[in-house]
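Chain by chain, the residues:
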Amino acid sequence: MSAETTAGEGAAPRAVLHDIRYSRWSGTLRPRRSAVAAFVASGVRRPLGLRRSAGAKVWPFLLLGAAYLPALAVVAVPLLVPAVPVQPTELISYPQLLATNAVVLLAFTATSVPSMLTRDRRDRVLSLYFATALSWLEYVTGVVLAALALLAIIVLGPMLVLFVGSVATADEPLRWLGDTAGELPRIVAAAALVAAFHAALGLAAGSLTSRRVFAVGGYLAVVLVGPALANLLAAVTGEEWPLAFDPATGPVRLATSVLDGTAGTGALGWAVWAAVVVAGCAVLALKYGRGSDA
Amino acid sequence: MSSPPPDAAALECRGLSKRFGQVQALDALDVVLTAPATGLLGANGAGKSTLLRTALGLTRPDAGRLAVLGLDAVAQRAEVRRRVGFMPEHPCLPADLSAQDVCVHLARMRGLGRRDAVRRTSEVLFAVGLEEERRRPVGSYSLGMQQRTKLAQALVHGPDLVLLDEPTSGLDPAGREEMLRIVRRLSTELGIRVVTSSHVLDDIERTCDEVVVLRSGRLAAQRPVQVAGAGAGPVRVQVTGDVPAFAAALEAVAAPLGARLAPAPDGALVLDRGTDEVLDAVRDLAVERGVGLARVAPAGRGLEDVVLDAMQGAEQGAEQEAERAGQEVATGER
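So the sequence lines, in the order shown, correspond to chains A and B.
Be aware that the first sequence starts at 38, since it is given in my numbering, and climbs by one per residue.
Be aware that the second sequence starts at 9, since it is given in my numbering, and climbs by one per residue.
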């Protein structure tokens, strides 16, 4: 409702009064994919501390800074020192960048991914979601997409910086882009492999408990104890196949094989990756498939 | 997308049953809530929360059918979600987000675009009195402000029905008054169906048109809050002073108005009609005779008596008596 006060007949309104009291809303709702997209955006913002206190931003942005630093540094060298005729990708390759960021990735995943689920149960907001907003499938889909997007920022982002930097610092950028454009799909696929593995593992840990500390502890136990056991087994057997079960470096080895076109850990590595991703999704479906807030 | 009929009942339960282990939370419940605002009353464990959770799809019934606004609560979940708002009793708000962010977030997940969500959030937060405080984290709010935020999020997407679980729980007197005023306005001015669960009869009387009493998962009573003609029913008058003289004078005054006077065993006077004219006559006569009016109250059984009886099982006992009597008659006729 609104009323207009005019200076005279035919004159433009000088002031408009709006009744801002609550009234029924009868607009058209958007398609469900829009709601899920909003949920995904919110799921990415909160672990990064966006729209929250300054303190909530410190840790995630510290880790992001650490992840982007190597790529930015090697890009900055030829940009700031033109006398140095070196390409950023000669200073650090994509597989090397992945390996360098492996520890940062584990820390980032541990502090952000499991809590995407534990936080909703701690706040007891699931009753609102499932009763009036989202189906369980929309919720799980949204959480998985948010986790993938979040991990893409720390896995794919630095590699894209390196790629763009190598183009920008090339003597003939367009020609360089034409020559290396074929690497882009492999970069995205490699990042997707790593992100999907850790998202599945982190979300599965987060779905099994409502306590954040247990979820983070569970994820860290898998990615820290797993490598020790895999390496011990490899040392005892003298074979390399146990390394396919290493949850910390296994996905990075697979990603390296995609980037280099090498065999990597072979079929066993792919099988372990697929088993973890499928098991993670199955745990989520079992936990939330009833649509209950318990 | 199927649209429910506009006159569909807010909730319609047919043989609804739900058991949790050894506890039968809902026991073949049959009830239809058609009033604009209905209050659910019952002791702890009576089945109120289970009924609300089943209507919201958070619990699956073991047997029977539950329709929400004419939509099947199980088969048509997506459409029910779109049309319903819910205010839980328990804390359900992220403590680190502001009321504004909570409402915008939930509005967007219910399908509103960003601009609509922000505008609607401002409207509902203004309506519940949180306009000034909307940017503070919810964790820093008082209990009353958190309750208002919960109500705001339930309204932000313009639902046809809101389910309120103990909306005045934990509120101070001023906050309770404000909450009751807002809840009453939902059904009377905004045309939103309301189903409120509460332990407090006074809250239900002030916000609802109908009261439904549950006991052990079954319907114990269903009554309108305002009984037609209740205002003209019998009244009990208690006076101090010369009661016999006042009674004699009152009998003479009341007779021309069509009311008869009868003394009660406890010394009170009972008039069989309590019209405005009769009550005015009582007041004027008390002034004229110099007696004190200690109490003037309806003499019939009020809503409170009905609800208390239903919660304690008296009504159920009476129904069983009637059922037994009916069986005896039927047996005799055979």
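There may be inaccurate statements among the hints.
Claimed, not checked - Chain A stretches covered by chain B per the calculated footprint, using a threshold of three residues with CB under 8 Å from any CB of chain B:
#	segment
1	65–77
2	80–93
3	315–323
As the list claims (entries may be wrong) - A few chain B residues that don't get close to chain A, going by computed Cβ distances all over 12 Å:
#	residue
4	R27
5	A51
6	G53
7	G72
8	A86
9	H98
10	A115
11	E131
12	P145
13	K158
14	G166
15	L171
16	I200
17	L265
18	D288
19	A305
In short, the hints are calculated from the structure, not lab data.
Quantities reported herein were computed from a predicted structural model and do not represent experimental measurements.
Even for Gly, the Cβ is constructed at its ideal location relative to N, Cα and C.
Do the hints match the structure? See the list:
For the segment 65–77 of chain A, the proposed coverage by chain B is satisfied: 8 residues have a C-beta within less than 8 Å of a C-beta in that chain, meeting the threshold of three. A count of 4 residues in the segment 80–93 of chain A with a Cβ less than 8 Å from any Cβ of chain B is obtained; the coverage claim is therefore met, three being the minimum. Check result for the segment 315–323 of chain A against chain B: violated, 0 residues qualifying (beta carbon to beta carbon below 8 Å, three or more required). With 12 Å as the threshold on Cβ separation, the claim that R27(B) sits away from chain A holds: the shortest Cβ distance comes to roughly 16 Å.
At roughly 23 Å from the closest C-beta of chain A, the C-beta of A51(B) stays outside 12 Å, upholding its exclusion from the interface. Listed as a non-interface residue, G53(B) keeps its Cβ farther than 12 Å from every Cβ of chain A; the least gap is roughly 18 Å. Residue-level check passed: G72(B) sits 19 Å from the nearest beta carbon of chain A, beyond 12 Å. Residue placement check: A86(B) does not keep its beta carbon more than 12 Å from all beta carbons of chain A (closest about 7 Å).
The Cβ of H98(B) does not lie farther than 12 Å from every Cβ of chain A; its closest approach is about 6 Å, which violates its non-interface assignment. Distance check on A115(B): its Cβ comes as close as 9 Å (rounded) to a Cβ of chain A, failing to clear the 12 Å threshold; non-interface status is violated. Remark: the non-interface label on E131(B) conflicts with the geometry, its nearest Cβ contact in chain A lying 5 Å away (cut-off 12 Å). Once the 12 Å rule is applied to beta carbons, P145(B) is inconsistent with being away from chain A; the minimum gap is 8 Å.
Non-interface status of K158(B) relative to chain A is broken: a Cβ of that chain comes within 12 Å, the nearest being about 9 Å off. A beta-carbon of chain A comes within 12 Å of the beta-carbon of G166(B); the shortest separation is about 3 Å. Its beta-carbon lying about 8 Å from the closest one in chain A, L171(B) breaks the requirement of being farther than 12 Å from that chain. With a cut of 12 Å on Cβ distances, I200(B) falls inside the contact zone with chain A, its closest approach being about 7 Å.
Distance check on L265(B): its Cβ is at least 45 Å (rounded) from any Cβ of chain A, clearing the 12 Å threshold; non-interface status holds. Consistency note on D288(B): stated as away from chain A, and its beta-carbon is indeed over 12 Å from all of that chain's, at 39 Å minimum. Once the 12 Å rule is applied to beta carbons, A305(B) is consistent with being away from chain A; the minimum gap is 37 Å.
Hint violations for this structure: numbers 3, 8, 9, 10, 11, 12, 13, 14, 15, 16, all remaining hints satisfied.
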